[in-house]
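Based on the provided sequences and hints, a complete structural model is requested.
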Amino acid sequence: MADVVVEQGRVARATGARKGSSLRNTLGRKSTVAFFLTLPLILLILLLVLYPALYSIHLATLNKAMTKFVGLSNFTFLFKRETFWMVVRQSCIFAITAVVFKALIGFIVAHFVHNIPAKGQRKWRGMLLVPWVIPPAMSTLAWLWLFDPSYSAFNYTLSFFGVGPIPWLGDTFWARFSVILVNVWYGAPFFMIMYLAALKSVPDQLYEAAEIDGANWWQKIWHITLPMMRNIIAITTLFSLIVTFANFDIVRILTSGGPLDTTHLFATWAFQVGIQSSDIPLGACVSLFMVPILAVAAIFILRDVNKRGNEA
Amino acid sequence: MSRKKLTRRQFVAATAMSSAALITAPYVRGAYAAGKLSIGFWDHWVPGANKASTDLVNEWAAKEKVEVSIDYITSNNKKIELTAAAEAQAKSGHDILQMPSWWPQAYSENLEPLNDVMEPLLKQNGEVNGTVKYLGQSGGKWLAVPATPGSQIKGPCSRIDLMKKHAGIDVQEMYPAGGPPKADNWTMETFLKAAEACHKAGVPFGIGLGETTDSVDTAGAIFQSFGAELVNAKGDITVKTDQVRQAMEFYKKLIAFLPTDAPSWDDASNNKWLISGRGAMILNPPSAWAVAKRDAPQVAEQCWTHGFPSGPKGRFAPYLPYFWGVWSFGKNKEAAKSLLVHMSSPSSIEKFVAVSGGYDLPAYANMTKFKTWQEEGPPKGTLFHYPDPYKHQTLSIAASPAPPKIAQQIYFQATLTKMALRFARGETMDQALAWAEGECEGFMRS
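Protein chains in written order, with the numbering used here: chain A, 4 to 315; chain B, 1170 to 1615.
Think of the hints as simulated: they come from the structure by calculation, not from any bench.
Careful, some of the hints might be misleading.
Pairs of lysine to any residue, SDA-like flavour, derived with a Cα cap of 20 Å [claimed, not checked]: (1) A:K67 with B:G1607; (2) B:K1441 with B:I1406; (3) B:K1292 with B:S1516; (4) B:K1441 with A:I169.
In this text the structure is predicted, and so the values were computed from the model without any measurement.
This is the structure in structure tokens:
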């Protein structure tokens, strides 16, 4: 009997020691440490992103007075509104056009900066980043003064050439042009800096080999630069697409969605419907509508990035 | 180390003495015996005008022994509306919150009824106009108290010289300082002819066609002067009526004489238009004139604020009152009500008007003839007719008399200016009306 007790005690101690060491192992594992290190951020995201997101889903299922649950009827109501489809169309036009131009300008400028001798490059990089580091609400106010109906500096300058005055924010075409222009001005430096980083990581040997094979500049870009930058281009595009789609400040300050709602984006229209017209559930629906559009874009772009990663 | 021991006898004696002392001691009223009060006021445009509110609150707080804290919240970019929405949602915030026109109705379920405050005030200060009742009352319940700071009429502010020279209209003769208006001929037809003449002369009227309140308020008054309602008081859609068609025809003619970029104007654009000397008239409270006094005195001394032109159904002027609301979830409602009574006394109201240079308009009938409006200048008397001292026009808000929760959406979606602009830009009347009807159907959600 006594032997058995001793045996059991040994067995129990051995198990306890194993458990202790496995806990130590778990805690010592890199992934666990990483988890604990990121925990504050995860908690922050849960608090500031996930909770508001779930709350807005809850709001979107309430009636206008927010007194009863109406399921998806706010969404079905929206689908019947002419203005809603106009906002969908405009958001797509705005985001796609702005992202394409930001990517194009960022790509070209990144090449220019890349070719500047290393000594003076830092200054150029700093200067070119200025639009991106100024808070957009502030810089957009400066743009508003440039487009101002009474004091437009652009129209004043154009008047010397006998052109204008152009109704920058009063005509649908020009208003859309203006909001896209400001967004491109603000966002292009982000593309530039990302592309510059990618360009610097392309090995010079590849260009040297291509040169020996007689490749011209276009072939070097097409067959070396672009494939090497593909992942960065995809991720930058996705990131920018999300931010541009959800843009609020530029349109709000420049046009407030006008003229005739033709520059409204999801966020600005959601604000107008939700806050100004006191229809918070409908405003929540409008802003939630961005989610499926961006999710589809994210799936396509990230799937491509994954594929490229696996090939590598 | 010696230690004194407390005996049971000593303990009982000490406890009894302390209790007796506490009971018999006289009641000492502390500096903040009546608790705390947190207030959110609208941050005034006019420099220094917040001082009137601060002084009045402090004066009351010292008398009532209440600890007060005041936040001045700007209305720029709808900050005050956002604050109201957030506080209503969180059921927590200021005890008193100043709200723009539509907000008492929007948050009627969250506001403390203020009949016990309003009834004595109406007896003391005189009746309030129909728009204040429409916006501030629901089912016989006063939702909020009309605030003097921020309340305004957006009537014409004309250039005396330009109107005389190009349109042949002497606005000072039509609206003489110190006397009743002689404005029988000041009709929509005259207004349109003057707009055309000033447009030809290169100084067009500065009337916005955008989505912000100045543009919407003008459209509202013009539609009302034709009897045009998109939704009537019962909540029925009445877009396709002859009155709406007449108002649309008038607006189309007017738009032809306005600046080409008027569709992009915000609430600052008309002010800049007047101050830059580019226009003969704007429709705005005297804030533009007040800025011109500082930045362009030669323009300011030619400005004259006066009444709106009349249409077939009467003379309507855009009126935008502010309100002070007390949240039902507030912690010190009695103190809040007491402060509102203090700030609505005739002497407080006169102070608000004086400090704002005549910009702030009291809602009460007996409060329209203060010295400030008679004396402000240059030119002297420029603001005499601003508060409508002879009750010469109906003070109204765009989209009324539709039920307020529908009207608020017509107002903030700028349905009136949009439908007029659509028609002016080439849509047929039927298309523009069908679009507006569709919008109004969407606003019927409950």
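* For the pair supplied as a hint, B:K1441 and B:I1406, is the alpha-carbon distance within the 20 Å limit? -> violated, 37 Å
* Asked: Taking 20 Å as the top limit, are the C-alpha atoms of B:K1441 and A:I169 close enough?
  -> holds, 18 Å
* Between A:K67 and B:G1607, does the CA-CA distance stay at or below 20 Å? -> holds, 18 Å
* Asked: Is the straight-line distance between the alpha-carbon of B:K1292 and that of B:S1516 20 Å or less?
  -> holds, 15 Å
Hint compliance for this structure: hint 2 is the single one not met.
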